[in-house]
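Student: Take a look at the letters that make up each chain.
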Amino acid sequence: MITVIVIALALCAVMLFYMAVRSRRKQAGDTFRPVDLNAFRTLMDRDDELFMKEKLPRSKFTRLKRQRIRVTFRYVARIASNASAVLHMGEEAARVTPTPEVAQAASQVMELATQIRLQCLVAMAKLSLEYAMPSLQLTPAMLVPKYLSLRENLKRLGALEPQTLVPLASAI
Amino acid sequence: MLWVHMPLGSIIHDLWIASIALQVFLAVVLLKKEIWRQYPFFAAYVFFNLFAAGISYSLSGRGMGFFYTFWVCEAVGLVMGLAVGWEIFTNLFAPHAALRKLATVIFRVAVVFLILLACGAVYAQPGNTRGIVKAVLLASEATRIVELGSIMFLFLCSSAFGLHWRQSIFGIALGLGTCAAIELVNVTLMTHVSPAAAQVFSLVRSVSFNISLLIWLGYLLAPERAPNVGEVPKRAQLEQWNQAVMELISR
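Line order of the protein sequences matches chains A and B.
With this note's numbering, letter number 122 in the first sequence gets 122, and the count goes up by one each step, no holes.
With this note's numbering, letter number 227 in the second sequence gets 227, and the count goes up by one each step, no holes.
Excised from the complex, chain A in its bound form:
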């Protein structure tokens, strides 16, 4: 039995490495993708959900809620992907810059991007649970204010390093 587990572990590892190499190649061609925060806010609005729950029959509410979760999931995935890309940019900016102000601003941006990335993980877990059990109503992750703050910080960083980072704040 334990031999089977060990061999399975090794096979999983090989698959994981293959996927990592593939995703690394894919990441090289990745671009920043914009997020409409107003639409996202609407999707996360619990009052809307309560209204639908009261007005709609159970089966229709379940179907609608799942549809809504699918769209929300795409938004969260996009936010996570942008946060990850910003993290990478921040890391590069902090590494190559000779200016302490830029390094400090970059590290603030990285800190925020990391927090957003973690919150996205939590949000995805919550959304998955709600998708499985639509009657559940978990506290939504506070992604919007953090994301706005990331945009602001990125703008500030862009002002310090205009030749490379200016377009990013408007891009995310």
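Not one of these hints is a red herring.
Chain A side only, calculated, beta carbon under 8 Å to chain B, not exhaustive:
no.	residue
1	ILE2
2	ALA80
3	GLU111
Rough simulated footprint, nothing fancy, chain B against chain A, three-plus residues with beta-carbon under 8 Å:
no.	region
4	12-22
5	88-102
6	115-129
Treat the hints as calculated values from the structure; they're not laboratory data.
From the three backbone atoms N, C-alpha and C, an ideal C-beta is built for every residue, glycine too.
Chain A is fixed; fit chain B onto it per the hints.
Tutor: Frame of chain A, contents of chain B only:
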């Protein structure tokens, strides 16, 4: 060194020579690009493997001298492999202060779990055979489980947290992980099959180590990719996206 006189022996021997040549080349790259400053454990691991290969080659055909040297080097190499795993972890999380604490806690839990799995693997082995080879194979299996598991943890964690690997550290982790995965299968199966199959395992072992050396060389020599700052979406794309979402919502 029975395998030298057997049909697969010459292939294994050639692969051994090729691995020594590749290790010399890798050592030169490490020194020339001063990578040893950035990754001292990895550099020590490479230099030690080169030293072990040289010693083993010079002692080949000398019976017990070769036998003990080979297995002692194997044990030291395994411990150094774990140290390289730790070096990869510290390098990957070095720029992410916010994540480091959380990752360290998860990493420790993962290592404890892997040690338990390794102990389980050792405990589950039949106890009717004894000897230094058996002991080293068991220790090797246990250590490879921890080594491979911790590298898998790093890949999973970096994917979950959206971390970007630098080219060199990604190559080091990939090479070490590939070698550890093949070695793990090798040592696990080796304890279950007849000694006649040992030659096949030696061949697999040589091939896997050479693959790892090529991965390390490839990633250390390839230029670091610059981040893709220039490609930002156009306004029209943004509007298309918003429209698509609005349609989805109002459907």
